[in-house]
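Protein chains: 2
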Amino acid sequence: MGRGDLTRERILTAATLLASRVGFDGLTIGALAEELSMSKSGLFAHFGSKEALQLQVLESEIARFEREVFHPAIRQPRGIPRLEALFEGWLAWNAHSPSRGGCLIVTASVEFDDQPGPLLDAVKEAQTLLLTSIARAVKIAIDVGHLRPDVDPDQMAFDLYGIVLGHHFVRRVRNDPKADARARAAFQNLIAAARA
Amino acid sequence: MGRGDLTRERILTAATLLASRVGFDGLTIGALAEELSMSKSGLFAHFGSKEALQLQVLESEIARFEREVFHPAIRQPRGIPRLEALFEGWLAWNAHSPSRGGCLIVTASVEFDDQPGPLLDAVKEAQTLLLTSIARAVKIAIDVGHLRPDVDPDQMAFDLYGIVLGHHFVRRVRNDPKADARARAAFQNLIAAARA
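Residue numbers (this note's numbering), protein chains in the order written: chain A, 10 to 205; chain B, 10 to 205.
It should be emphasised that the hints constitute simulated quantities derived from the structure, not laboratory data. Nothing here was measured: the structure is a model prediction, and the numbers come from that model. Take every hint as true, because none was put in to throw you off.
Intra- or inter-copy, both count: the list cannot distinguish identical chains.
Here are the computed lysine-lysine pairs in the DSSO-like style, where the Cα-Cα straight-line distance is at most 27 Å: (1) 187 to 133; (2) 59 to 133; (3) 187 to 148; (4) 133 to 148.
Let the sequences and hints guide you as you build the complete structure.
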């Protein structure tokens, strides 16, 4: 890793923390320059535009989600254990990521859902990847005989996504100590209803 | 309704549309003054501060949610019909409210969940009201014999909230035409599993 990469990584980390505090709309080259005590022209040289900066932050968060939630789950045995690992990894992500500002993919979804462009495209792609990956894990759980053949993988992916969003909002807004238990009960009910 | 009220209503409507477009952080007295071609000092006379303006917009949206989603549901017969009306009203709210910007209560939840203050207090209160109102409707459905006595009203409120959030995100981010059907299937599964 060269010196340029280190700087880039340091800038991206600061940009991610800034976005988690003020949202993507507040993630301007000027605000980031102030945060890092760097010149705006130096940051422009790195990113070129506010939109390119926003996009890199979002894409690096999506990549981090894949590394921290998806990849560990894929290393678990196929079937229900893999679904459980995915779910638990996601709850942990909600609790810790990326800072006290909450999941940046959720933030980006809310900010860009009405603004066609590369940011909305990236959010769409992330949501599609998320839902199809869960559906694939469900399909495998059917194939290995853990879940019933008549379970609809896309429906179960939607259901799981809803549970995790409920957890994110209840946990973050009201700091409800029961959020984890509620989400786990919902997940166990979902699995129980689909079990072979 | 006096002339002052009409002006106030017109200002609040414009402020709500602005917030749905740019978020609460972008809802400044200056931006709103520009939107309305009014003087900043005139708006300050109305609201006093950016925070007071944000709070009034959020509170008027919460009141509108109660009017458009809760009150029509309460007029339905107790039990499952009332839960269905609540759920369907909420899906309609997701689809239309308040403009193409999506549900402002969701937006405020994401923006303020890490910023203690009156805005976070209002979001917390709205979420508590929401969850306890659903739980109360579930409790009534148990009392009238539509749902089993061992159903946990608070768990079912969490489950319903998750389904509606999943619907909001899938519908808005990917404009998925199946979002309504997925949410309805999830709701029907939830009711079926709890039916007496």
